[in-house]
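Number of protein chains: 2
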Amino acid sequence: MTYQFVRTPVPSRTLSPDQLEAALRAIGAERYHNLHPFHKLLHGGDLTKGQVQAWALNRYCYQAAIPRKDHALMARIDDREVRRAWLQRVLDHDGHGPDTGGIERWLVLTDHLGLPRDYVVSQDGALPATRFAVEAYVRYVWDNPGLPAIASCLTELFAPKIHAERIVGMLEHYDFVEDRVMAYFRKRLDQAPRDCDFALAYVLEHARTPEQQAQVMDALTFKCNVLWAQLDALYAAYVAPGMIPPGAFRPQEG
Amino acid sequence: MTYQFVRTPVPSRTLSPDQLEAALRAIGAERYHNLHPFHKLLHGGDLTKGQVQAWALNRYCYQAAIPRKDHALMARIDDREVRRAWLQRVLDHDGHGPDTGGIERWLVLTDHLGLPRDYVVSQDGALPATRFAVEAYVRYVWDNPGLPAIASCLTELFAPKIHAERIVGMLEHYDFVEDRVMAYFRKRLDQAPRDCDFALAYVLEHARTPEQQAQVMDALTFKCNVLWAQLDALYAAYVAPGMIPPGAFRPQEG
Numbered sequence: 001m002t003y004q005f006v007r008t009p010v011p012s013r014t015l016s017p018d019q020l021e022a023a024l025r026a027i028g029a030e031r032y033h034n035l036h037p038f039h040k041l042l043h044g045g046d047l048t049k050g051q052v053q054a055w056a057l058n059r060y061c062y063q064a065a066i067p068r069k070d071h072a073l074m075a076r077i078d079d080r081e082v083r084r085a086w087l088q089r090v091l092d093h094d095g096h097g098p099d100t101g102g103i104e105r106w107l108v109l110t111d112h113l114g115l116p117r118d119y120v121v122s123q124d125g126a127l128p129a130t131r132f133a134v135e136a137y138v139r140y141v142w143d144n145p146g147l148p149a150i151a152s153c154l155t156e157l158f159a160p161k162i163h164a165e166r167i168v169g170m171l172e173h174y175d176f177v178e179d180r181v182m183a184y185f186r187k188r189l190d191q192a193p194r195d196c197d198f199a200l201a202y203v204l205e206h207a208r209t210p211e212q213q214a215q216v217m218d219a220l221t222f223k224c225n226v227l228w229a230q231l232d233a234l235y236a237a238y239v240a241p242g243m244i245p246p247g248a249f250r251p252q253e254g
Numbered sequence: 001m002t003y004q005f006v007r008t009p010v011p012s013r014t015l016s017p018d019q020l021e022a023a024l025r026a027i028g029a030e031r032y033h034n035l036h037p038f039h040k041l042l043h044g045g046d047l048t049k050g051q052v053q054a055w056a057l058n059r060y061c062y063q064a065a066i067p068r069k070d071h072a073l074m075a076r077i078d079d080r081e082v083r084r085a086w087l088q089r090v091l092d093h094d095g096h097g098p099d100t101g102g103i104e105r106w107l108v109l110t111d112h113l114g115l116p117r118d119y120v121v122s123q124d125g126a127l128p129a130t131r132f133a134v135e136a137y138v139r140y141v142w143d144n145p146g147l148p149a150i151a152s153c154l155t156e157l158f159a160p161k162i163h164a165e166r167i168v169g170m171l172e173h174y175d176f177v178e179d180r181v182m183a184y185f186r187k188r189l190d191q192a193p194r195d196c197d198f199a200l201a202y203v204l205e206h207a208r209t210p211e212q213q214a215q216v217m218d219a220l221t222f223k224c225n226v227l228w229a230q231l232d233a234l235y236a237a238y239v240a241p242g243m244i245p246p247g248a249f250r251p252q253e254g
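Chains as they are written, first to last, in the UniProt record's numbering: chain A, 1 to 254; chain B, 1 to 254.
Please keep in mind that the hints were generated in silico from the structure rather than gathered at the bench. Treat the hints loosely; a few may be bogus.
As the list claims (entries may be wrong) - Quick list of simulated restraints, FRET-style, between CB atoms:
{"hint": "1", "chain 1": "B", "residue 1": "Pro128", "chain 2": "A", "residue 2": "Arg7", "range": "53 to 59 Å"}
{"hint": "2", "chain 1": "A", "residue 1": "Asp78", "chain 2": "B", "residue 2": "Asp179", "range": "26 to 32 Å"}
{"hint": "3", "chain 1": "A", "residue 1": "Leu35", "chain 2": "B", "residue 2": "Asp197", "range": "48 to 54 Å"}
{"hint": "4", "chain 1": "A", "residue 1": "Leu189", "chain 2": "B", "residue 2": "Pro37", "range": "55 to 61 Å"}
{"hint": "5", "chain 1": "B", "residue 1": "Ala85", "chain 2": "A", "residue 2": "Asp197", "range": "26 to 32 Å"}
{"hint": "6", "chain 1": "A", "residue 1": "Glu81", "chain 2": "B", "residue 2": "Lys161", "range": "31 to 37 Å"}
We treat Cβ as the ideally placed atom computed from N, Cα and C, and that holds for glycine.
Build out the structure end to end from the sequences listed, making use of the hints.
Below you can see the structure in the form of structure tokens.
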């Protein structure tokens, strides 16, 4: 059973590829999580170290799930060439051979923030809402056909801007963040555009009916919701009203 | 919902790793498809070219699904190190970079047998029973936890013997088979032992309760059934009684 999270109206006629791309970019302009108040606080230097720790350990859940999401996607793809191209994402995140990969780079950040690695990897301190959102993403990709599954990755269209802002903002504002630990984001500045070029070209080529076009817009909206919900949960637990649910990470500082 | 295909009795007490390995090898000794009459005909030179074509194009469905199966498995594995090790299977089958991979090597065989590549890849001429068995395998790996999913691969313990027999038998007996097109099987002689060493070690380490041990024996039995059912279907359609179902491949020769 495929749960329908959002319902984009079906366009009255088929959009041209340019129109579809514009429609997808408009979704990001309205819904990508760079607009969330939590990110403004994070990048503006307005969070305590404890709040940054909470962000990093919750975001780890998302990072750790991305290769599973990509495997779930490839498990549904019959076209060997698409699988071969998509595999690069797994090689980037899990690493391959001597490259220890993006998840390891994220753990360098959480190490540096003073979080015990076992605790981060266990995900025991993460907010339940984070884990629900992340698993909804893995499930979505498994439960849906390849076209919307691939379209759900198109938040990468908007990622380089947020990563660049984050590198500058966090280095400038937090004395507990140093250049070395921002390696994850630097690396993504190169990887995300390459990944999303492939995904965008695939979507523009394969979404050929109004129904398919609504489906891919739906997928991108869904994915924006996955990211936004994670920041809503962080904000509610650690900013305002600041109600940390039972069992979740509690910062040690005031 | 996990459909239970077989029900191995739970051992009355925990087996030692050696005992569990022996129990798994006993399953193969009884159920691995090298024992199937179709394989005896294939390796003994007793099939027509049309029957060998039918085998190769049906077996393509299985080959083509293996990377999807491995992706489905990795989508359920939280341990990054296990995913990194398991990924080699996908690199082998789909190929990576300049290596075009095992599925392509299989298509070299079907090309050589005179089957149009588009027809083979479309799977349109495959027996429905083949495709049901193959998809049952992909589903099993997604629907079950990592331990039985990994155990289902242990038919690789028995594969090198069948591949070696096949190379010798087919080259000796069929003038329409030549050495070059047996590259798939030669390659698997190296790959399968490495793969199954990892899988066997994982299973022996992680199946620690009688229930888990029954579960991995169940998984291997299920997988033997997946392979056996494909040969039953080939035998029934192309050997005896020779009832080819509607839409399936029909050999052109008498």
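Taking the hints in turn, this is what the structure says about them:
The hinted range of 53 to 59 Å is not satisfied by Pro128(B) and Arg7(A), whose Cβ atoms lie roughly 35 Å apart. Checking the proposed 26 to 32 Å range against Asp78(A) and Asp179(B) shows it holds: the Cβ atoms sit about 31 Å from each other. For Leu35(A) and Asp197(B), the Cβ-Cβ distance of about 50 Å falls inside the hinted range of 48 to 54 Å, so the restraint holds. In this structure the hint that Leu189(A) and Pro37(B) lie 55 to 61 Å apart at CB holds, the actual value being about 60 Å.
Remark: the range hint 26 to 32 Å for Ala85(B) to Asp197(A) is upheld by a beta-carbon distance near 30 Å. At about 33 Å, the beta-carbon gap between Glu81(A) and Lys161(B) stays in the expected band of 31 to 37 Å.
When the structure is compared with the earlier hints, a violation turns up for hint 1 alone.
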